[in-house]
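With the hints as constraints, model all of the structure from the sequences given.
Protein chains: 2
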Amino acid sequence: MIKHIQIADSRYQLDGSAGSDAIHRDPIYSYAVTQLFDDSGITGTGFAFTLGEGNDLVCKAAQYYAQQLIGKDIEETMAQFGTLFRKLSNDQQFRWLGPHKGVVHLALASVTNACYDLWAKKREVPLWKLLIDLSPEELIRTVDFSYLEDELTEEQALELLKSQVQSKPERMSIIDMGYPGYDTSIGWFNYSDEKVRENCKKAIESGFTAMKLKVGSADPERDIRRSHIVREVAGEQVKVMLDANQQWNLPQAISICGKLKSMNPYWIEEPTHPDDVLAHKTLADAIAPVKLALGEHVPNKVIFKNYLQTGSASFIQVDAVRVGGVSEFIAVSLLCKKFGIPVVPHVGDMGQLHQHLVLFNHISMGHEALFLEHIPHLQNKFVHPAKIVNGVYQTPQEPGSSCELLDVKS
Amino acid sequence: MIKHIQIADSRYQLDGSAGSDAIHRDPIYSYAVTQLFDDSGITGTGFAFTLGEGNDLVCKAAQYYAQQLIGKDIEETMAQFGTLFRKLSNDQQFRWLGPHKGVVHLALASVTNACYDLWAKKREVPLWKLLIDLSPEELIRTVDFSYLEDELTEEQALELLKSQVQSKPERMSIIDMGYPGYDTSIGWFNYSDEKVRENCKKAIESGFTAMKLKVGSADPERDIRRSHIVREVAGEQVKVMLDANQQWNLPQAISICGKLKSMNPYWIEEPTHPDDVLAHKTLADAIAPVKLALGEHVPNKVIFKNYLQTGSASFIQVDAVRVGGVSEFIAVSLLCKKFGIPVVPHVGDMGQLHQHLVLFNHISMGHEALFLEHIPHLQNKFVHPAKIVNGVYQTPQEPGSSCELLDVKS
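Protein chains in written order, with this note's numbering: chain A, 627 to 1036; chain B, 627 to 1036.
Simulated from the structure, these hints should not be mistaken for lab results.
Note that the structure is a prediction, hence the values are computed from the model and not measured.
Certain hints may be false.
Given that identical chains are not distinguished, each listed pair holds provided it fits within a single copy or across any two copies.
[Said to hold, decoys possible] Straight-line alpha carbon distances no greater than 27 Å define the calculated BS3-like cross-link-like pairs of lysine-lysine that follow:
1. K907 / K917
2. K964 / K907
3. K686 / K713
4. K964 / K794
What follows is the structure, encoded as structure tokens:
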């Protein structure tokens, strides 16, 4: 039984220009952390990610949700978590502040993730192991399918999961092989050309076969120059992604993406405003075969559904510390599977939680094991930091979701 | 010069079942109030609306924005307000909590509205008068057009306003006539059938020719029965609107709206999730010629642009205490004008601020003077309550935007 809760506001100053992009020039990576203390002495930890200012608002909202869990048994709670998620996310006064987006939804992510962590710790297994061992029926009951009915009912989701059961054993080999990573940190926005060049070399030496450069400069020539530097150093076989962090409006995006085509990007990420589903559709049609990726600022499954319906995104970067936690991450992954679109999470969690979720997506849902973003900047803040060897995430073995932070005391 | 600021968390318990709808069974109408104190002794007041829980979060975010106004001259600020709005709404750390939605955007609404109020008070005119007297160039500079460029550039907006200048004098007659109102309070969700019947009679006796009923019951038969009661009492000439407050998923909405057709609703409001642009498009096509209205939960101009591009909404209910205040309300109204869609605001402000804005929309933009929602429940909380005579809003004459609250001291 959950006997008490604690919310912590943890902020971490980054070194130099790390983390900078076209919009966020000076971020402070921050977590609104929920801890659920079980009367058996086990603590569940979950968090949402912010860039500093306002992390306290998310903490305050998380307090509101988390206190509703006091007195609950975690096994009973998770047996019907979809119902609880629906109830919490539609709290009749609080939902006005969203609904299902912004501060309140980030807070719900924090609390939801703490529930999944506690669940796995009670069962003494890593979260990926817990999730792949659930039956399709048990899994479905952790998810709220409301407002997805026109594309994916609960029954259809159940069929989808069942259809993957037989082939699960083949996909278990990923556990030993590890999940491939890609390097996001070669080309933060404020890095000099020289530093990008060096980082690119280092990434290749470290075994990465995919990497990402920040673009979205006021001067498109800078973007073009830097993207060609990366291509030149990386060679033709390496996947190079470009990330504009919403910096362009639609006419600019059409023009600049056209010019970036020549360096053969694997995808162009967040070209424009994350709410603008139709602009992404127009852009995708205009620049095909160049592909778009997006999702780090998409707050919920309903908007992801719209993106999938238009076919504008070729890669969905849902982030479990942005949407309503693991539960909604699963809902979005199911939707993506239905539409045949790969899930390549944005890792506001630095990959700690997502290293579990991508294993689950691959094994239980049959999603392609493409690669998972790797950002090393907070590695020394975690009790069990993700391990990347030769560009590959090593499968975590400790119980839970790897989200405990050293500076957040139990 | 703004010398200090103050943020107030004001909550008002409603009587009985007033304010109840399909989702919000027990709301506490609340305002996150920003006051800007000018060194000339004048105070600008603005607010955002919430349903109670979490109003404090909006206050805290408003504090963050408002403190950035200290030391600024209001005339200089408003001469380039669009630039300031863009800067504030894209604050590089805070925008992660949106962007442009949820708690932070509600907070920006509160602060923005206080700026417009202060501006009008300094000029000693009601806000509607200030706005209609601005030149098209001055108006445009109060608005941020970013991410609208594919549909409405600053230059196109300027042309649109200029094209309406010559016919402005004809539309000034609305000032003396007053702006028609419609009655939202005949049929709150929890009211009994008998009370709906009585309220409907009273509304007609009070001169209203349009009124709204809350639907979205778990039992569609209840909705159908009650809607026919209103039609029967009101007669065929009265416009009757039905409001489902997002209660249906798409398959339900298609089915139930089909059944509600027979009572000839003027519109069906918020049939499903406010983020689901494509579901509204599918629904609108399925139930034509029945029309949809929406907007009270749409947080920003980008999503409104998508709704307008799909042609799914026949009435846009943008609310200046939900989007980023008067400035973004104007942006959305300009977009609507371009698409030929009427603006019929949702009035989280109880019509206090919007009575100014609809006059401006009609006179300066040439929008049809359809009607403005009327909700009387907080009438006695305002220093200058909106006056409705014979179903018509009487044009406010006091300087400012009519948003001062009796319990929020200067």
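Now for the hints, and whether the structure bears them out:
When the C-alpha separation of K907 and K917 is checked against a cutoff of 27 Å, the pair qualifies both within a copy, at 11 Å, and between copies, at 26 Å. Within a single copy, K964 and K907 get their C-alpha atoms as close as 19 Å, and across copies as close as 21 Å, so both meet the 27 Å cut-off. Taking CA atoms no more than 27 Å apart as the test, K686 paired with K713 passes in both settings, with 19 Å inside one copy and 26 Å between copies. Taking identical chains as interchangeable, the C-alpha atoms of K964 and K794 lie at most 27 Å apart only when both belong to the same chain, with a minimum of 17 Å there against 53 Å between chains.
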